[in-house]
Amino acid sequence: MPKKRYNDWDLRPGIWGIRNYYTTLEERAIAGAIISPGYIAMAMAAAGLATAGLLLNSPAAIIGSMCVAPFMAPSRAVCIGTIYREPGVVLRGLFKQIGGLLLIGSVIAFVLTTFLQHYLGGYTITPEIALRAIPTSQDFALNLIIAISAGAAASLALTAEPRRVEAPWGQVLDAVIGVEIAISLMPPAAVVGIGLAFGDTEVATRALLLMLLNIVGLNILGSGAILLLRGVRRRFLDQEKAVRQATAETIIRVPGFIDEGSTIDVTLLSKNEALINVVVRRHFGGEVPKTLATSIAEDVETRTGCKSDITVDVIPLITHQGLK
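Each step along the sequence shown adds one to the number in my numbering, with nothing skipped, and position 211 is 219.
No false leads were slipped in.
Pairwise CB distance ranges (calculated): (1) I323 / V115: 50 to 60 angstroms; (2) G269 / V115: 42 to 52 angstroms; (3) V115 / A68: 17 to 27 angstroms; (4) L110 / S44: 11 to 21 angstroms; (5) H126 / I43: 28 to 38 angstroms; (6) R27 / I323: 12 to 22 angstroms; (7) G107 / V287: 34 to 44 angstroms; (8) D208 / I71: 20 to 30 angstroms; (9) T31 / F148: 35 to 45 angstroms; (10) A49 / E268: 31 to 41 angstroms; (11) T31 / Q146: 42 to 52 angstroms; (12) K298 / K249: 23 to 33 angstroms; (13) E268 / D208: 54 to 64 angstroms; (14) G264 / L110: 46 to 56 angstroms.
Derived from the structure by calculation, the hints contain no laboratory data. Cβ atoms here follow ideal geometry from the backbone N, Cα and C, with glycine treated the same way.
Work the whole structure out from these sequences, hints included.
Laid out in structure tokens, this is it:
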């Protein structure tokens, strides 16, 4: 077999040598498409900051809104879901992304601006608003470059340094990249609401077009293109799952097998080679076949065509169930 460790200079299509890599991407996409109360709260907070910053012409407040805007997860859900051909994930991710921007961001901006204008008055189109509402062709081009670059950075974090997918500190980098993504999304969404509150549909329409252009640049031209160029494909996800399924159907024959706590980690080394690390939890009693690892390897190769190195840890347990 080839080297078992991830090689930074391995330029073959696909990501090899990272444990459960393709399954982890799918799990992130599914999780990123779920709308939670926390997501709604963070989007509302970001919209409030962006609206205040735009009306005050305060870049600092606008940057603050970018720091809390939670739009990287749905963007990844759209990109990964598209590549993995999972339309349900794609649609939920798009709704979470665009719905969060318009139904939360723009609505909050409209309500706040209407309230402030009614009770205080004196608010006008500031330079920060005009930058998103009356963009020149040069502004459009630069905004698209920013969106594409932010999307590319989000995918490069998963493919150029794939080991970070497993690392807890990877969330720190995600937070930084999330700020880059929010640059392209939250301020234009807030300007849509501000324009409607001012009764200026042209401002709202132009900001909406800018936001949609940025979404295309972010999701497709930036993030999606990088994943495709790096070789992320549905067939590798299917291979990883098939190896795991074949292994699972072999270890359930272990005497006293306990499903809870037993794990199967699959590391693809190439299109037809893998490392499989199995932890089997079982009740005391019965004898574990000494050929268990060999049986797993044979079953995996027969069912998937994938050769493998197998490591099996068998953990005998004594349990007591006192809860009914």
